[in-house]
Amino acid sequence: MITIYDIANATGVSAPTVSKALNGTGHISVKTRDFILAKARELGYEPNSAARSLATKRTYLIGVIYDDPSMQRGFNHPVFSGILNRFKENVEAAGYDIIFLSCHTKMSYRAHAAFRSVEGIAIINADGSFNKELEDLGKVGIPCISTNAVIPGICTIISDNKQAGYKAAEYLVSKGHRKIGFLGAPNDTLFHASVERYEGFCEYMKEKGIPVDSSYRQDCEQWNVSSGEEGFSRLYERHPDMTAVFAVSDLLAMGVFNFARRRGIKIPQELSLVGFDDDYVSEYTNPRLTTFRQDSEGIANLAADLLLQHMVGLPVPNKMIHLPCGFMERDSVRNI
Numbered sequence: 001m002i003t004i005y006d007i008a009n010a011t012g013v014s015a016p017t018v019s020k021a022l023n024g025t026g027h028i029s030v031k032t033r034d035f036i037l038a039k040a041r042e043l044g045y046e047p048n049s050a051a052r053s054l055a056t057k058r059t060y061l062i063g064v065i066y067d068d069p070s071m072q073r074g075f076n077h078p079v080f081s082g083i084l085n086r087f088k089e090n091v092e093a094a095g096y097d098i099i100f101l102s103c104h105t106k107m108s109y110r111a112h113a114a115f116r117s118v119e120g121i122a123i124i125n126a127d128g129s130f131n132k133e134l135e136d137l138g139k140v141g142i143p144c145i146s147t148n149a150v151i152p153g154i155c156t157i158i159s160d161n162k163q164a165g166y167k168a169a170e171y172l173v174s175k176g177h178r179k180i181g182f183l184g185a186p187n188d189t190l191f192h193a194s195v196e197r198y199e200g201f202c203e204y205m206k207e208k209g210i211p212v213d214s215s216y217r218q219d220c221e222q223w224n225v226s227s228g229e230e231g232f233s234r235l236y237e238r239h240p241d242m243t244a245v246f247a248v249s250d251l252l253a254m255g256v257f258n259f260a261r262r263r264g265i266k267i268p269q270e271l272s273l274v275g276f277d278d279d280y281v282s283e284y285t286n287p288r289l290t291t292f293r294q295d296s297e298g299i300a301n302l303a304a305d306l307l308l309q310h311m312v313g314l315p316v317p318n319k320m321i322h323l324p325c326g327f328m329e330r331d332s333v334r335n336i
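Counting in my numbering, the sequence shown runs from 1 upward without gaps.
A portion of the hints provided could be inaccurate.
Said to hold, decoys possible - The list that follows gives simulated cross-link-like pairs (lysine-lysine, PhoX-like), each with its CA atoms no further than 20 Å apart:
id: 1; residue 1: K167; residue 2: K132
id: 2; residue 1: K175; residue 2: K208
id: 3; residue 1: K162; residue 2: K319
id: 4; residue 1: K266; residue 2: K175
id: 5; residue 1: K319; residue 2: K132
id: 6; residue 1: K162; residue 2: K206
id: 7; residue 1: K167; residue 2: K179
id: 8; residue 1: K162; residue 2: K132
id: 9; residue 1: K208; residue 2: K179
id: 10; residue 1: K175; residue 2: K132
As the list claims (entries may be wrong) - Distance windows between CB atoms, simulated:
id: 11; residue 1: G326; residue 2: G12; range: 30 to 40 Å
id: 12; residue 1: T32; residue 2: K208; range: 40 to 50 Å
id: 13; residue 1: H322; residue 2: E89; range: 17 to 27 Å
id: 14; residue 1: P152; residue 2: F75; range: 41 to 51 Å
id: 15; residue 1: F100; residue 2: D34; range: 35 to 45 Å
id: 16; residue 1: D97; residue 2: G176; range: 48 to 58 Å
id: 17; residue 1: P324; residue 2: I2; range: 49 to 59 Å
Please keep in mind that the hints were generated in silico from the structure rather than gathered at the bench. Ideal placement from N, C-alpha and C gives every residue a C-beta, glycine not left out.
Please work from the sequences and hints to get the whole structure.
This is the structure:
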């Protein structure tokens, strides 16, 4: 039985590229597509998934870990839902199905992966209370990729949070702000987004000789609106003189909007605000929220390509790969 991997070996291209050619999907040149199709005919390839699975004793399943305990948006998450959708499209084009892995049963992620006989694992978003379970996945040899948690032994594709934090500080300072609050979120050993954004923010301030006062930073308990409102109330109690705040997620920024509305603080006339994630509500706030947009599609494409390569024995980088964020300038920041 000829598989797409046999065709990949015969043509010298990757298995995902072979799949795109066979399924008529993706962006590959006509010359490459014709070359692959000709080789497939020459080898006698027949796209019979059931027969292929029986012959090779493979499941063609990829396990997906997708939990959202802190933002509590589930499949409506502004970033990871987009990553999941695009990742699913890519691996299905390569002949795979996805199955969700859970650690909320009596089985560990590792045990659930073995029970379902998955051939690879994509950690799209994870529950930080299961850090040990996630770290174990990096030790068992099964091909894994991550798009959020930074796990030893597993390649992680992640937004360039540090550069975004740097840009946020640069932008606010360019508008004349010096007393800038930072509204952060929980951090732990595997999830670095909030602290990386703060590091970038501080890096710019220090480069420009602007003192960084840690009392202008407030980390919230969760990545949601109520935590943002509660966290900003604490920050505002300490520094009612601040003229701007950078919130590490748009939901936290929504909490700032709520607090400002209750206290009669006008945005941006009295308080400028920058968020992160470009949540769908950000374009409809009053004023519209200036924020950062993560490259969900780029992260998903790269994650799928690297995982599929890893699954056929090709090497992948054992490190973090950072993709730049877009900056969405709207109406929530003013010059002072």
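Against the structure, the hints:
1. K167 - K132: violated, 34 Å
2. K175 - K208: holds, 14 Å
3. K162 - K319: Distance of about 16 Å is within 20 Å: holds.
4. K266 - K175: Since the Cα atoms of K266 and K175 sit roughly 17 Å apart, the hinted pair holds (cutoff 20 Å).
5. K319 - K132: Holds - the C-alpha atoms of K132 and K319 are around 19 Å apart, at most 20 Å.
6. K162 - K206: Satisfied, since the Cα-Cα distance of roughly 14 Å is no more than 20 Å.
7. K167 - K179: holds, 16 Å
8. K162 - K132: Given pair K162, K132 is violated - Cα atoms ~26 Å apart, limit 20 Å.
9. K208 - K179: holds, 14 Å
10. K175 - K132: Status violated; Cα separation ~44 Å.
11. G326 - G12: 30 to 40 Å: 35 Å Cβ-Cβ, so the 30 to 40 Å window holds.
12. T32 - K208: 40 to 50 Å: For T32 and K208 the Cβ distance comes to about 49 Å; the hint holds.
13. H322 - E89: 17 to 27 Å: Roughly 23 Å apart at Cβ, these two residues keep to the hinted range, so it holds.
14. P152 - F75: 41 to 51 Å: violated, 28 Å
15. F100 - D34: 35 to 45 Å: Given range 35 to 45 Å: holds, Cβ gap about 38 Å.
16. D97 - G176: 48 to 58 Å: At roughly 54 Å between Cβ atoms, G176 and D97 fall inside 48 to 58 Å, so the hint holds.
17. P324 - I2: 49 to 59 Å: Violated: the Cβ-Cβ distance is about 40 Å, outside 49 to 59 Å.
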